[in-house]
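Using the hints, position chain B against chain A.
Each chain is listed here by its residues.
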Amino acid sequence: MNTALEIKNLKKNYRKNIDVLKGISLSVQEGTTHALLGPNGAGKTTLLKCVMDFVRYSGDIRAFSKKPGDIKERIAYVSEEKALYRNMSVIKFLKICERISPAFNMGRAAEYISNFSIPVNKKISTLSTGQCTTLSMISGLSQDADLFLFDEPTHGMDPVSRVMMMDKIRERIIDGKTVFYTSHIIPEVEQTADSVSIIHGGQILFSGLIDDIKEKYSIVYINSECLKEFDRIPLISKYNERGAIALLVENVELYKIADQSIVIQKITPSLEDFFMALIRGMTNVL
Amino acid sequence: MWMKINLRSSLPAYQQIIMGIKEAILKGSLTEDDTAPSIRELAQSVNVNPNTVARAYRELESEGVFVARQGVGYIVVKGKNEIIKTFILQLETQLVEPLTKLKYSGVGLESIDEMLRELWEKI
Numbered sequence: 001m002n003t004a005l006e007i008k009n010l011k012k013n014y015r016k017n018i019d020v021l022k023g024i025s026l027s028v029q030e031g032t033t034h035a036l037l038g039p040n041g042a043g044k045t046t047l048l049k050c051v052m053d054f055v056r057y058s059g060d061i062r063a064f065s066k067k068p069g070d071i072k073e074r075i076a077y078v079s080e081e082k083a084l085y086r087n088m089s090v091i092k093f094l095k096i097c098e099r100i101s102p103a104f105n106m107g108r109a110a111e112y113i114s115n116f117s118i119p120v121n122k123k124i125s126t127l128s129t130g131q132c133t134t135l136s137m138i139s140g141l142s143q144d145a146d147l148f149l150f151d152e153p154t155h156g157m158d159p160v161s162r163v164m165m166m167d168k169i170r171e172r173i174i175d176g177k178t179v180f181y182t183s184h185i186i187p188e189v190e191q192t193a194d195s196v197s198i199i200h201g202g203q204i205l206f207s208g209l210i211d212d213i214k215e216k217y218s219i220v221y222i223n224s225e226c227l228k229e230f231d232r233i234p235l236i237s238k239y240n241e242r243g244a245i246a247l248l249v250e251n252v253e254l255y256k257i258a259d260q261s262i263v264i265q266k267i268t269p270s271l272e273d274f275f276m277a278l279i280r281g282m283t284n285v286l
Numbered sequence: 001m002w003m004k005i006n007l008r009s010s011l012p013a014y015q016q017i018i019m020g021i022k023e024a025i026l027k028g029s030l031t032e033d034d035t036a037p038s039i040r041e042l043a044q045s046v047n048v049n050p051n052t053v054a055r056a057y058r059e060l061e062s063e064g065v066f067v068a069r070q071g072v073g074y075i076v077v078k079g080k081n082e083i084i085k086t087f088i089l090q091l092e093t094q095l096v097e098p099l100t101k102l103k104y105s106g107v108g109l110e111s112i113d114e115m116l117r118e119l120w121e122k123i
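Each protein sequence line maps, in turn, to chains A and B.
Take the first sequence: its letter number 136 is residue 136 in this note's numbering, and every next letter is one higher.
Take the second sequence: its letter number 79 is residue 79 in this note's numbering, and every next letter is one higher.
So here's chain A without its partners, still in its complex pose (with noise of 0.2 Å):
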């Protein structure tokens, strides 16, 4: 499989002492969804804008081999802040989508525009929130693009939008497309995307497929004093959870322990329990 994105090494700083990404490598494989998962706060909308070339960064970004900014046409995008012309209708904002993109592909859009019901004749400013984020989410997703990377492609949307709204980016997938996105809604993430990056105070956690957490870390549960009998193993996170402490390992690493009636519980962590277990092992320090 191709690589559809490409970032390494990412650092990016906006005022001299503030490091917002310190460091980012991560590959988006061509035909997947990948998701950019954390915390508010961790980068994740800075790290889109650097893909997108609208600020300064240090590292090396790759969009099918070429600079993003060279193959802008394969590149549709949908901001964070979905700024729309407020005074503007409906119809009138796709019509100008139209006319500034060759790529925007109209009857698509009406196809959407009708899936969610969006009223054509309306003046932006009289759309809630959730409606904006489709309207802008539409707009990127009827562009012919091959990448398309959006920033909270559900924000402030309700429930039954939002399911379709991932189905909309699964048919894409479906078509061979490739997309990059950011959330905090972790269920939506392990429903629609193929991998994902943890991302956390401008570092990656974890990158890698969703399907492969569940078959190669558990969560263990133990009493402190048993710590010690973790002296070799490689823990990826430690925290406290409610008295006990919580260690995140790799399933071959507990082979090695030799008693394994220490262990109070084991589960097998769901995209949650994986994500709360990294974040938690970062802020939480014993």
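Note that these hints are calculated values from the structure, not bench results.
Bear in mind that the values here come from a model prediction, so they are computed numbers and not experimental data.
For every residue, glycine included, the Cβ atom is placed at its ideal position computed from N, Cα and C.
All the given hints hold, so there is nothing to weed out.
Reference excerpt, derived from the structure (chain A facing chain B, CB under 7 Å, subset only):
#1 ILE174
#2 GLU190
#3 ASP194
#4 GLU215
#5 SER261
Short, incomplete list of chain A residues facing chain B, as computed with Cβ under 7 Å:
#6 ASP211
#7 LYS214
#8 THR268
For chain B alone, kept in the frame of chain A given last:
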């Protein structure tokens, strides 16, 4: 083909699809020489990513349940009796966790055996 993926399950989505296909073969809704639903079709009906279905199909192919035929799709080449073995094997991995818990809690094999028999009768 209808199946629902349970994200809370300890089995990853692609494994659940493999189980779903095998169940369909065991129940007879998919039989030898049938063409399996296309990756695109199944992805749409199950509501997962096509890559997840593709991974399940690749695995089924390497297990010898499917054979990929150019221009036709995936053909089922294993019958009921051959599936049962691999089906049980997969179930085993799901049972490891609850059984480990029971063993370390001092529950004897006899009581588990008894419970299984009672449960079997009830179903």
